[in-house]
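Heads up: the sequence lines are chains A and B, in that order.
Per my numbering, the first sequence starts with residue 1, numbered consecutively.
Per my numbering, the second sequence starts with residue 1001, numbered consecutively.
Please keep in mind that the hints were generated in silico from the structure rather than gathered at the bench.
We put the beta carbon where it would ideally sit given N, CA and C, even for glycine.
A portion of the hints provided could be inaccurate.
Only part of the chain A face toward chain B is listed, based on derived beta-carbon distances under 7 Å [to be verified]:
(1) Leu37
(2) Leu288
(3) Ile304
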Amino acid sequence: MKTRADAIVVGGGIMGASAAFFLARAGRSVILLERGLVGQQASGTNFGNVRRQGRYLHQLPLSNRARDIWLRLPELIGEDCEFLPSGHLRVSYTREQADRIAAYAEDARAYGLDLEMLSSNALRARYPYLSADLVAGCLDPTGGHANPRLTAPAFGRAAVRAGVTLYENSEVTHIGKTGEDFVLEVAGRGELRSPVLLVTAGAWGGRLSALFGESVPLATHGPQMAVTEPLPYRIVPTIGVSTPHVYETVYFRQVERGNVILGGSTRGPASNETNRAAVLPDNFLGQLEQLRRVMPGFAAVNVIRVWSGVESYLPDDMPVMGPSATTSGLYYAFGFCGAGFQIGPGVGAVMAELIATGATSTPIEPYSIARFAR
Amino acid sequence: MATSGMRAVVVGAGPAGMRAAQTLVAAGIRPVVIDEAGRSGGQIYRRPPEGFVRDAETLYGADAAKARDLHAMFDRLRDAIDYRPDTLAWNVAGDMLHVVTDGVADALPFDALILATGATDRLLPIAGWTRPGCYSLGGAQVALKAQGCAIGRRVLFLGTGPLLYLVAHQYRKAGVEVAAVLDTAPFAAQVRALPDLMVRPGFLLRGASFRAGLQAAGVTVANGVVPRAIEGGREVSGLRYRIGDKEHHVAADAVAMGFHLRSETQLADLAGCPFLFDAASGQWRPDADRDGRSPRAGVYLAGDGARVLGADAAEAGGRLAALAALADAGHAVDAGELAALRRRMAMLDRFRRGLATAFPWPADLARSVADDVILCRCENITAGQLRETASAKGAPELNRTKALSRIGMGRCQGRFCGSAAAEILADARGTPLAEVGRLRGQAPVKPLSMATAKGTRP
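So here's chain A without its partners, still in its complex pose (with noise of 0.2 Å):
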């Protein structure tokens, strides 16, 4: 059994199997430790939207590093996960909804991310099955989706051809630091040792940082997300309702078998104690009545099933990502606050290059977890 490695990835996620698969890229040896199976938590339960639009300008370059590895999934991990780069369309009701969208449209043209203004008119053109309340639209034609059930698994597989060692169900129990190691007590693996650790366990991952004296606020809720029965396809695009009302916030996309993923309004319970997340009956209600909004069509369609998640919030809606504060040798990127899918893979190559070369190409200073030292 493999003991020691040149890095330990802590939590497989789509961040930890991702950052372990370009380590060993790098030419580093690698044990990637997940507690229960890879992706089953955060990474394998979200909506599935590989989107730019939206995010936080200073995340762009990040989210744009991320979409060039999506796009060549297939040569780098076998396998395309279900990517579907067939658009993101985000839409509003009102008119000053539609100025905000349109002046963060202007604004990410400097980043690299052509977004194109839709009137209500144009909307109703192309997307004949959306409400005729809509009074205008903003489309990422490279946005897209994926199954998030296969992405991170995909990427644990191929990091263990790449010569990852992975060990599943091996939950670590203590973390020390000895010398230039740190020594990580698993259950049922006994001692593992590595000059590197990366933190990379969600919901989890602020119990480890606490370890070395840099606690974080963090948050668990769970997405709540549901599917309907498969349908003929015609929903091209992710399509996501733009508001400041959350109950109005629901989101859509169908898969090319054609089912239609859905999901949005508030978030639910979520427990990193019990790994379980509820999905609230009233909040569901409350989705079908907005979809019915925005495409009146969806009161001719069954749901067949609803699920959750635990996933991690931090108050700021950041991540916490880039090198520990406190102690050399230590990397964190965890707490993605729902929106850590896209850029996932972005995450594994970003903490990748950190760890291998001590630098990183893409500005990711805003996540530093010394922000909550302050």
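Fit chain B to the given chain A structure using the hints.
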């Protein structure tokens, strides 16, 4: 503790649900009774729509008197209960049951939730089973009972379990040509089960008379059948099967198939009831004591939805579950009645063991399904895709397999494919059946229209 204010909800209006409601009413409670069907009766005592004229003898045969009594009893209860037909219980969250009636949602708070959700056919894939003309045994029976329709002109009955012979008998009596009755269980198993089955001589005799009647009418009735393929083009034309080393073929334009029954346990799962693996049947069931009391406070289980013991046990189980709920709420219950019901359940449980011996689930048949056969009908996933997910993608248990392959992810949520998927996965992984686990229930329990409107809150 005062019981008059006890909020009791019964899900299901078959024999278990009806008896539970009656017992609660007798104790001064006004329960809500949720019925997915338009009329009470459940599956076995299903009533045809209003205006249909066939009498109870035609519909229920030897059970006509029982059916008439139950229906009359429940009709008399109507003013004493809050009966909600055509209502889907789609979710349980906390101590609230979520239902939809006529497109309007409602949330029912409960102190006691009695789940009498019944069972559906246990199925396994056979090459060609997705052809039009293939029905489940239960489906074939419902068509006849509720609508007076047969599933074909010359119908083949395939599978195992008491329902196989009963439905074949009912079809023959209704004037439908029975192509054959093909039982996967060896005849020796049925002989071996006799000591347990003898606890209900009348029931045993009736089963034997169905078989004898079919044979006397010239119908092939065979045991130890290994089905090979349901053949045909766009429709069923027949079945190729084997007995021992000998290949056979029988022509038919419809197939009714089922391998005994499986409990409907999704609501118990959503309510948070713990589940146990039952090695005898190879199935998981919600844990409950002998009265139907689950370890999840306030949730009780009755009838075939808890364990498949049949209609008579469902009546006793419905009473017991209601008495358990009443006792837990501080109500005095009749110790004599409780003891008598428990004795009856113990006897019926021995009969259930006999049935399990006589009509074993053909696990080997499920495990040997060819790679190209569609296993998950909703999502169009083959047995081969499941095996590939188990090996190449390393899925160790059913929910992971579902996530990676879509098996059991469709509108039936694994009701059709779940039993066989567990066998194939366990076989591919080389692990005991219990270790591959069970598909977790997810709301909505049945497909829910997106037109569903928020209802009034209590």
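Hints the structure fails to honour: none
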